[in-house]
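S.K.: Here is what each chain is made of, one letter per residue.
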Amino acid sequence: MKTNQTKGVVRLLTFLLVLFLAMGMAFAAGAKEEAAPSGPVSMTIATWTSNPDQIALLDSFVQGFAAQKGIEIDATFESIPFAEYNTKLSLELQGQNGPDLFWVLETAAPAFIESGLLANLNDGMKAYDPQDISSDALELWSKDGNVYAIPFSTSPFFILYNEDLFAKAGVKTPEQYAAEGAWDWEAFKLASKTIKEKTGVWGFQTVDGQGYDARILHNLAPIVRSYGGDFWTDDGQVLINSDASVAAVQLFHDMVYQDVSVVPPGNQSDFFAGNAAMTVGQISRVSKLNDASFAWGIAPMPSGPEGKSPVIGQAAIGAHSKGKQAALASELVAYMTNKDSVAAMSGIWPPARKSVLESEAFLTSNKSVSKEQMQNAVAASIKTGRVLPSHVKYPQIEVESKMVFDKLWQKNADVGAILDEVAAVYAKYIK
Amino acid sequence: MNRKYLKQAPYALLVALLTLLFVYPFWWMVVNSLNSSAEIFGVPRLLPTSWAFSNYLDIFTVQPFARHYLNTLAVAIVGTAGNVLLAALAGYAFARMRFPLRNAAFLLLLTALMMPIEVTIIPLFFQMRGWGALDTLIPLMLLPIFGSQGAFSTFMLRQFYVTVPNELEEAARIDGLNPLGIFLKIMLPVAVPVLSSVAILAFIAVWNTYLEPLVFISSLENFTLPLSLTNFNDTYGLPQWHLQLAATTLSILPIMVVYLLFQQKVTDAMVNTGLK
Amino acid sequence: MKQHSLKANHRRDAIIGWAFITPQMAGFVFFVLLPLVSVFLYSVQEKNLLFGTSVFNGLENFRLLFADPLFSKSLVNTLIFSAGVVPLNLIFSLLLALYLGGGKMGTRFVRGIIFLPVVTSGVAWAIVWKYLLQGGDAGPINWFLSLIGIEGPNWLFEKGWAMASVIVNRVMKNLGMNVLIFMGAVLNMPGDVIEAARIDGAKRFTLFFKIKLPLLMPTVMMVAIVTIIGSMRVFDTIKLMTDGGPEGSTMVMVYYIYHQAFRMFDTGFASALAVVLFLIVLVLTALQWFSRKRISFYES
Numbered sequence: 001m002k003t004n005q006t007k008g009v010v011r012l013l014t015f016l017l018v019l020f021l022a023m024g025m026a027f028a029a030g031a032k033e034e035a036a037p038s039g040p041v042s043m044t045i046a047t048w049t050s051n052p053d054q055i056a057l058l059d060s061f062v063q064g065f066a067a068q069k070g071i072e073i074d075a076t077f078e079s080i081p082f083a084e085y086n087t088k089l090s091l092e093l094q095g096q097n098g099p100d101l102f103w104v105l106e107t108a109a110p111a112f113i114e115s116g117l118l119a120n121l122n123d124g125m126k127a128y129d130p131q132d133i134s135s136d137a138l139e140l141w142s143k144d145g146n147v148y149a150i151p152f153s154t155s156p157f158f159i160l161y162n163e164d165l166f167a168k169a170g171v172k173t174p175e176q177y178a179a180e181g182a183w184d185w186e187a188f189k190l191a192s193k194t195i196k197e198k199t200g201v202w203g204f205q206t207v208d209g210q211g212y213d214a215r216i217l218h219n220l221a222p223i224v225r226s227y228g229g230d231f232w233t234d235d236g237q238v239l240i241n242s243d244a245s246v247a248a249v250q251l252f253h254d255m256v257y258q259d260v261s262v263v264p265p266g267n268q269s270d271f272f273a274g275n276a277a278m279t280v281g282q283i284s285r286v287s288k289l290n291d292a293s294f295a296w297g298i299a300p301m302p303s304g305p306e307g308k309s310p311v312i313g314q315a316a317i318g319a320h321s322k323g324k325q326a327a328l329a330s331e332l333v334a335y336m337t338n339k340d341s342v343a344a345m346s347g348i349w350p351p352a353r354k355s356v357l358e359s360e361a362f363l364t365s366n367k368s369v370s371k372e373q374m375q376n377a378v379a380a381s382i383k384t385g386r387v388l389p390s391h392v393k394y395p396q397i398e399v400e401s402k403m404v405f406d407k408l409w410q411k412n413a414d415v416g417a418i419l420d421e422v423a424a425v426y427a428k429y430i431k
Numbered sequence: 001m002n003r004k005y006l007k008q009a010p011y012a013l014l015v016a017l018l019t020l021l022f023v024y025p026f027w028w029m030v031v032n033s034l035n036s037s038a039e040i041f042g043v044p045r046l047l048p049t050s051w052a053f054s055n056y057l058d059i060f061t062v063q064p065f066a067r068h069y070l071n072t073l074a075v076a077i078v079g080t081a082g083n084v085l086l087a088a089l090a091g092y093a094f095a096r097m098r099f100p101l102r103n104a105a106f107l108l109l110l111t112a113l114m115m116p117i118e119v120t121i122i123p124l125f126f127q128m129r130g131w132g133a134l135d136t137l138i139p140l141m142l143l144p145i146f147g148s149q150g151a152f153s154t155f156m157l158r159q160f161y162v163t164v165p166n167e168l169e170e171a172a173r174i175d176g177l178n179p180l181g182i183f184l185k186i187m188l189p190v191a192v193p194v195l196s197s198v199a200i201l202a203f204i205a206v207w208n209t210y211l212e213p214l215v216f217i218s219s220l221e222n223f224t225l226p227l228s229l230t231n232f233n234d235t236y237g238l239p240q241w242h243l244q245l246a247a248t249t250l251s252i253l254p255i256m257v258v259y260l261l262f263q264q265k266v267t268d269a270m271v272n273t274g275l276k
Numbered sequence: 001m002k003q004h005s006l007k008a009n010h011r012r013d014a015i016i017g018w019a020f021i022t023p024q025m026a027g028f029v030f031f032v033l034l035p036l037v038s039v040f041l042y043s044v045q046e047k048n049l050l051f052g053t054s055v056f057n058g059l060e061n062f063r064l065l066f067a068d069p070l071f072s073k074s075l076v077n078t079l080i081f082s083a084g085v086v087p088l089n090l091i092f093s094l095l096l097a098l099y100l101g102g103g104k105m106g107t108r109f110v111r112g113i114i115f116l117p118v119v120t121s122g123v124a125w126a127i128v129w130k131y132l133l134q135g136g137d138a139g140p141i142n143w144f145l146s147l148i149g150i151e152g153p154n155w156l157f158e159k160g161w162a163m164a165s166v167i168v169n170r171v172m173k174n175l176g177m178n179v180l181i182f183m184g185a186v187l188n189m190p191g192d193v194i195e196a197a198r199i200d201g202a203k204r205f206t207l208f209f210k211i212k213l214p215l216l217m218p219t220v221m222m223v224a225i226v227t228i229i230g231s232m233r234v235f236d237t238i239k240l241m242t243d244g245g246p247e248g249s250t251m252v253m254v255y256y257i258y259h260q261a262f263r264m265f266d267t268g269f270a271s272a273l274a275v276v277l278f279l280i281v282l283v284l285t286a287l288q289w290f291s292r293k294r295i296s297f298y299e300s
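So the protein sequences, as listed, match chains A, B and C.
Residue numbering for the first sequence is 1 to 431, as defined by this note's numbering.
Residue numbering for the second sequence is 1 to 276, as defined by this note's numbering.
Residue numbering for the third sequence is 1 to 300, as defined by this note's numbering.
Treat the hints with care, since some could be wrong.
[To be verified] Straight-line distance between alpha carbons at most 30 Å, and here's what the computed DSBU-like set of lysine-lysine pairs gives: (1) C:K73 x A:K88; (2) C:K210 x A:K428; (3) A:K431 x C:K73; (4) A:K407 x C:K239; (5) C:K212 x A:K428; (6) C:K159 x A:K411.
[Claimed, not checked] Simulated restraints, written as ranges between beta carbons of each label pair: (7) C:P69 x A:Q96: 49 to 57 Å; (8) A:E421 x C:F208: 44 to 52 Å; (9) C:A286 x B:L17: 37 to 45 Å; (10) A:V399 x C:K159: 13 to 21 Å; (11) C:K7 x B:V192: 31 to 39 Å.
[To be verified] Residues from chain B shown here face chain C by an in silico Cβ test under 8 Å; the list is partial: (12) W27; (13) W28; (14) Y92; (15) L109; (16) L211.
The set of hints was computed from the structure by calculation and includes no laboratory data.
Cβ atoms here follow ideal geometry from the backbone N, Cα and C, with glycine treated the same way.
Based on the sequences and whatever the hints tell you, model everything.
M.R.: Here it is as structure tokens:
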């Protein structure tokens, strides 16, 4: 037997195995290095944006804060996709490497506050004129007089439209309609249909293409509310199946299945690539149009029988109460939402600070959007708009109701009956 | 003459159908990985429209894709090596050695065989959290060795070792080898075909796990390929199709190439499994 | 050779035997057995992942579970899914193996291409098919169908079609593997028995059912077991193609567990689900164990 040869082979194999295991362990331990006590402080900040310009802006605030405190901070920005934000964030906050600061969605605010994962920010805020932040805006983020997250964005959703397509179809633009005071849902429906018929391009894409699933409330709320309906109220009323709500949803349903003018479920056609004439967005989406191959404009949401009811997306930033540097993180949160920071962000994320909102500078803060557009589509809507409904059990409500909402997306769906079912789901949780 | 060709017709039709079903998806994927975001929808074409090779460069700048690749490779190699080695040790012992509770232990191990990972993923999550191993590659390396995949490999090797003639061990014992020596010098080499099958199956399984990384990993640098592929979203969650397809193509390419090069060997390994 | 007492020999053998299996068994205890016990423990608690609570609540989770329409739906869906995947996979792979085994031209090519999805990751395979199956005329599949005048449905967004799409996706993914295994078994069939039967005048049908199939039975059983195990591994396909929808029609047990634990943060309830799943799998394992003994699968 070739014992020596086999011995050699076995030795080699064992050596390789040990080498691989060692390599594996090195990889396994991850890339995080231990920060030396006297070195820079490392902080992780979780957001749902991955836009490099926005991240750079946020980082500049961190550096400003670090300079002010005379320490060095090394910030890592972690972007979690919007559709999985709550899930992933909750998982991370359970681990040891959870983020120190994180954005919070308005719909999940009660749940996160209830969970005790957000640090109390009252002390951190004192230095930065807390009265300047609108109390309406803070309401959602406070409990028993303690503020748990500070809103940095009060951003209305509005209509973005492709001017070239409108011209090609010979249809008046939303801005023109609005100037005449005639921009309502009927005009919207007609414009969408005409454009599809005349150009073959989809008339409307739901917000971020997620209007049938992750952003279904964002999609339906403006229509439903402007008809006088709603989803549920803070005092426990379920209104999703009221006549007004049903009529509103029926309008949208007809657009998708009768007019066939709306990008349907599963279809990935994108407004920003020129494959739809209109969509809904916030001012932060405008940066996606910097390289657009078409002329575009923005207009307020259409109005309904009961007037206008734009949806305001609110986002707040909070500190991890169980994080390793909760105190420092709390101070950083307050710094990132002070007057200067908010002013710098206002072109992307409309401010919740009254001083900034009412300044002239705000109206000209975004280079791609004119003063009039900013006024009509954004500033005016902040006054008349409402945030989405929220609840302690929002994750459960969202998931359960989605399964019922799914039934809507068929040609012959009975909108009234389905909304009755949704109401039943809501009623289980809303007391 | 005509009858002969007529007989071939159904076969040719079958081949054509199979080609369409099994090759077209990959063709479509490669073609569209070279298109821009807007061109992916609409009439499918046989060739890329804009030949955007830049997509393949972009995927490395949008995410640390290279690192994700290495992570997956590390996990797959360590997981497979550990799986095969421990399974061979245990499989051999279960087949050829006598010790108390042998059959009971083997039966116990087999309960892991059919158990989906989803049954134990929740406690595993808390367990890894307790060990401080969340957000590292450690759970991803350990689970393939000891879970359902480990039980499967042990089972396969045990079945194989049962068929090995006694004479080999007898001869080795006479030569003065101790049990470990017998294992390393005789039993491992003789099992190479089965070890290959088991290794290939384990490697493919580990390379493709999705639930475990999804639950255990949160930091971007520690992603594995399956997580990475689903992360090519833009700022607001709209997937960037062209990048996703380019990344998917790249993730499949190496295994595809290895497979096509070693097709005969892989086929033989699989066919051998059937022979048993 | 040294003379040892029988007892000492046995003890030595026992130690060596256990030494060899200890690494695998230790891992098994830590990563399978202990977590399994924990799942039972968690299933009787109200354990919220977000709030970090852990309160004993007896059989409440199970009571909720049996009253949960989505639970029974997921059970039924799991059944439908397995009933779809396993027979389709077995039948097609067996037929293909027999058909291709005749040494026809181009067999190597066919073998090659049907194995392609096997080496592809489930994630990649799901992503590509998600694009291919887009509704309207945006997806290539529907575009091809429109060429022959059929209006394809919105595959992933209509109740029955979504499940069908997922089933087909999984069958195509694993078909190649089973074909190769069956081809090996087919090669191994005793040629003389088959020849004898053919000479005796057995027609194709009889030949297949009375001769070939029984000969292949051990392999068929093994492949069936592996395929049934594999049919549980459908998480990535469902998460990426349908997310349990539409209307929960592709919500299978394994996905429901993930959904409850990591989206609804109710790890107590999810653990109760896991317990039910485990019991089902246990019954299946016991069934296949006994059936193996019947079909005289070879043992030591």
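S.K.: Each hint: holds or not?
M.R.: So, going through the hints one by one against the coordinates:
{"no.": "1", "hint": "C:K73 x A:K88", "in the structure": "holds, 26 Å"}
{"no.": "2", "hint": "C:K210 x A:K428", "in the structure": "violated, 59 Å"}
{"no.": "3", "hint": "A:K431 x C:K73", "in the structure": "holds, 27 Å"}
{"no.": "4", "hint": "A:K407 x C:K239", "in the structure": "holds, 19 Å"}
{"no.": "5", "hint": "C:K212 x A:K428", "in the structure": "violated, 58 Å"}
{"no.": "6", "hint": "C:K159 x A:K411", "in the structure": "holds, 13 Å"}
{"no.": "7", "hint": "C:P69 x A:Q96: 49 to 57 Å", "in the structure": "violated, 38 Å"}
{"no.": "8", "hint": "A:E421 x C:F208: 44 to 52 Å", "in the structure": "holds, 50 Å"}
{"no.": "9", "hint": "C:A286 x B:L17: 37 to 45 Å", "in the structure": "holds, 40 Å"}
{"no.": "10", "hint": "A:V399 x C:K159: 13 to 21 Å", "in the structure": "holds, 18 Å"}
{"no.": "11", "hint": "C:K7 x B:V192: 31 to 39 Å", "in the structure": "holds, 37 Å"}
{"no.": "12", "hint": "W27", "in the structure": "violated, 10 Å"}
{"no.": "13", "hint": "W28", "in the structure": "holds, 6 Å"}
{"no.": "14", "hint": "Y92", "in the structure": "holds, 7 Å"}
{"no.": "15", "hint": "L109", "in the structure": "holds, 6 Å"}
{"no.": "16", "hint": "L211", "in the structure": "holds, 5 Å"}
Comparing the model with each numbered hint stated earlier shows that hints 2, 5, 7, 12 do not hold.
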